[in-house]
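**Student:** The task is simple: from the sequences and hints, build the whole structure.
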Amino acid sequence: MKINNIDILNILSDKKVLYAEDEDGIRNKVIDILEIFFERVVAVCNGKEAVEEMSFGNYDVLIFDICMPNMDGLDAVKKIRKKNKKIPVIILSAHTEQNYLWRAIELKITKFLIKPFNINNFLKALEKVALELVDYNMNIKLKNGCIYNPAKKTVSYGNKNINLSKKESRLLEFLIQNANKVVSFDEISNYVWEYEYPSKEAVKSLVKEIRRKIGSQNIKNIYSIGYIFEI
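Each residue of the sequence shown is one higher than the one before, counting from 304 in this note's numbering.
Note that these hints are calculated values from the structure, not bench results.
No more than 27 angstroms apart at the CA atoms, straight line, and that leaves these computed lysine-lysine pairs for DSS-like:
| id | residue 1 | residue 2 |
| --- | --- | --- |
| 1 | Lys507 | Lys455 |
| 2 | Lys446 | Lys503 |
| 3 | Lys511 | Lys446 |
| 4 | Lys385 | Lys411 |
| 5 | Lys523 | Lys503 |
| 6 | Lys386 | Lys431 |
| 7 | Lys455 | Lys319 |
| 8 | Lys319 | Lys507 |
| 9 | Lys470 | Lys455 |
| 10 | Lys507 | Lys463 |
With beta-carbon atoms standing in for the labels, derived distance ranges:
| id | residue 1 | residue 2 | range |
| --- | --- | --- | --- |
| 11 | Asn423 | Cys370 | 20 to 30 angstroms |
| 12 | Lys507 | Lys332 | 36 to 46 angstroms |
| 13 | Gly461 | Pro501 | 30 to 40 angstroms |
| 14 | Glu504 | Trp405 | 42 to 52 angstroms |
| 15 | Ile417 | Glu338 | 20 to 30 angstroms |
| 16 | Glu355 | Glu504 | 23 to 33 angstroms |
| 17 | His398 | Glu504 | 43 to 53 angstroms |
| 18 | Asn423 | Tyr498 | 28 to 38 angstroms |
| 19 | Leu404 | Ser358 | 24 to 34 angstroms |
| 20 | Thr399 | Glu499 | 34 to 44 angstroms |
| 21 | Asn524 | Ile465 | 15 to 25 angstroms |
| 22 | Glu355 | Tyr500 | 15 to 25 angstroms |
| 23 | Asn466 | Tyr500 | 19 to 29 angstroms |
The structure displayed is predicted, hence computed values, not measured ones.
Ideal placement from N, C-alpha and C gives every residue a C-beta, glycine not left out.
**Tutor:** Next up, the structure:
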C-alpha cells in the first residue's frame, strides 16, 4: 500500500526539532518550513549551543549545519550521540569533501543535504526522519486488537477510529519507543511537557485518557515509579 507523503510528514506534528545554523538568512528560511510540520522548533547559532540545549531539552529530530563557530555540527552530533544513539539527524552543508561525508556516515546521519538544497529534497529528508521515528511502521498493533497510526494520530478498532490529542500521541509514541522498559513519571513529564513541570496527577490523568482510548492491556502501573508499555 502506497503511503501518502502528507501522512508521513504528519508524524512530525507532535514532535520537537532542534536546528543549528549560524547564517541568519538561511536559519530564518528553514525555520519557516520547519514550523509547518513540527509542534515546536528551537533554533541555535552553533554546535556548542546545540549540545547545551540537548542537555536539558527533549528533542525528536536534529538538523545541523556543519561549519559553525565554537563547535561544528558534526562534533556536536558526536557529543550528543554519546547519550542518544537513535535520534534522527539531518546535516545541511555547503561542503562535499570526503572527510565530512565519512564523519557523517560514522555518526549514522539520516540524511546529508548539500546547500543550496531545493525544497523537495528537504521534504524528502523530513519524510525519512519521520519514518525513522516510528521504525517505518505506519500501523502499530496493540494488545487488544487496536492499531495505532502515528501519521493520522488515530487508534482504530474494527471500523471505529479514535483521534488522539498531541499530548496523548506524543506520550503513546514515547511509551512505544520504550516498549518493555519502565519509564518514570519524571521522564514522561520531561518529554511530554518539558518546561511546564506538571504534577504527578497530570501524568496519571493523561495515561488514564490514553487507556480509555486504547484499552488498559498495554500500559501497566509500576507502583510509585511510573509505567511500562508491554507489546
